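Between the sequences and the hints, there should be enough to build the whole structure, so can you do that?
Chains as they are written, first to last, in this note's numbering: chain H, 1 to 98; chain Y, 1 to 188.
Worth flagging that the hints you see were computed from the coordinates, not collected in a lab.
It cannot be assumed that every hint is accurate.
[What the hints assert, rightly or not] Computed spacing ranges between beta-carbons, pair by pair:
1) H:Glu41 - Y:Gln14: 55 to 61 Å
2) H:Asp31 - Y:Thr108: 33 to 39 Å
3) Y:Gly61 - H:Pro28: 32 to 38 Å
4) H:Arg85 - Y:Glu91: 33 to 39 Å
5) Y:Thr69 - H:Glu82: 34 to 40 Å
6) H:Glu77 - Y:Arg50: 54 to 60 Å
7) Y:Gly56 - H:Ala36: 32 to 38 Å
8) H:Pro30 - Y:Ala160: 51 to 57 Å
9) Y:Gly56 - H:Ile2: 37 to 43 Å
[What the hints assert, rightly or not] Incomplete in silico selection of chain Y near chain H, CB under 8 Å:
10) Pro62
11) Pro78
12) Arg146
13) Thr147
14) Val148
[To be verified] Computed from the model, here is a short list of chain H residues facing chain Y with C-beta under 8 Å:
15) Leu8
16) Asn23
17) Gly62
18) Ser65
These numbers were taken from a predicted model, which means no experiment stands behind them.
Every residue gets a Cβ at the ideal spot worked out from N, C-alpha and C, and that includes glycine.
The primary structure of each chain is shown beneath.
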Amino acid sequence: MIINHPLLGPRDAQEFTYLGDANLLNRPNPDAPDAAERFYEYLYLRDNPAGLHRELWYHEQGDRSWLVVTRNTLTHEITKVELARDVARAAQAAGESA
Amino acid sequence: MPDHHLKPHTALGQVAAVTQTVHGLLIRENPNSALASLATRRGRDADVARMAESAGLALPGPGQISQGTPWSALWIGPEQWLLEAPFASHEDIVSHLAPIFGDAASLTEQTDAWVRFDLQGQGLVDVFERLCALNLRAMADLGGARTVIEHIGVFVLKLAEDQISVLGPRSSAASLHHALITAAKSAL
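Next up, the structure:
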């Protein structure tokens, strides 16, 4: 499998390690009144889609950046690769302006 | 000061750097570089770029290296570089860099963490095809990237078609040296 790194171009998947659902970027606010319930969902409840899935990959044997990879779990086709920090900062900016 | 008479060893445990020729390919341990990593502090990208430029230090883009006197640099990650200078003149490399970057970047001396092998000769790309997943045939000169050779995380620097350097962990120097020689014997 080849992952098309946004900065370094196509790189072999053996250089990467897999973490899991990209939703891990959206950590709940620990000060919210329903924090316990939200953290239970965040930690234990996962979608398990047959199809497109956004997931976190780490370029461990490369530039050590975290990536958000959109992969089809049925075909392993990778349709989108973004730097996780760009995704997180975009979400933060959207949250602040809303 | 106590009166020591200690001889420094190279990464391969010798007094002098090891040089070997395998089927016309020169594989040479290079102990003559001082290294430091530079990590830009958050939001200081423009400051670091300006400071580096005024010091005559070229910071290359992703997947690239720059060669200069005295400073060479390798891109190792977003807003991070590995800087290199001659060991003879820059053994205390961080004290040369700290005045340049002030509090805009974090600097860490890396010299003794690494072993550097310089390889020179024809057919180098064939040798590296057996060693790592990097596409060195497609990579332009002055390209460099981190990858894996025999389960060892290394930087591979392509200086020219017939000149490639490998930076690997010093504690794995002998294993890496063995891998390079074995691949050269089998490929050439």
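Each hint tested on the structure:
no.: 1; hint: H:Glu41 - Y:Gln14: 55 to 61 Å; result: holds, 59 Å
no.: 2; hint: H:Asp31 - Y:Thr108: 33 to 39 Å; result: holds, 35 Å
no.: 3; hint: Y:Gly61 - H:Pro28: 32 to 38 Å; result: holds, 37 Å
no.: 4; hint: H:Arg85 - Y:Glu91: 33 to 39 Å; result: holds, 35 Å
no.: 5; hint: Y:Thr69 - H:Glu82: 34 to 40 Å; result: holds, 38 Å
no.: 6; hint: H:Glu77 - Y:Arg50: 54 to 60 Å; result: violated, 43 Å
no.: 7; hint: Y:Gly56 - H:Ala36: 32 to 38 Å; result: violated, 56 Å
no.: 8; hint: H:Pro30 - Y:Ala160: 51 to 57 Å; result: holds, 54 Å
no.: 9; hint: Y:Gly56 - H:Ile2: 37 to 43 Å; result: holds, 38 Å
no.: 10; hint: Pro62; result: holds, 4 Å
no.: 11; hint: Pro78; result: holds, 6 Å
no.: 12; hint: Arg146; result: holds, 5 Å
no.: 13; hint: Thr147; result: holds, 6 Å
no.: 14; hint: Val148; result: holds, 5 Å
no.: 15; hint: Leu8; result: holds, 5 Å
no.: 16; hint: Asn23; result: violated, 23 Å
no.: 17; hint: Gly62; result: holds, 5 Å
no.: 18; hint: Ser65; result: holds, 6 Å
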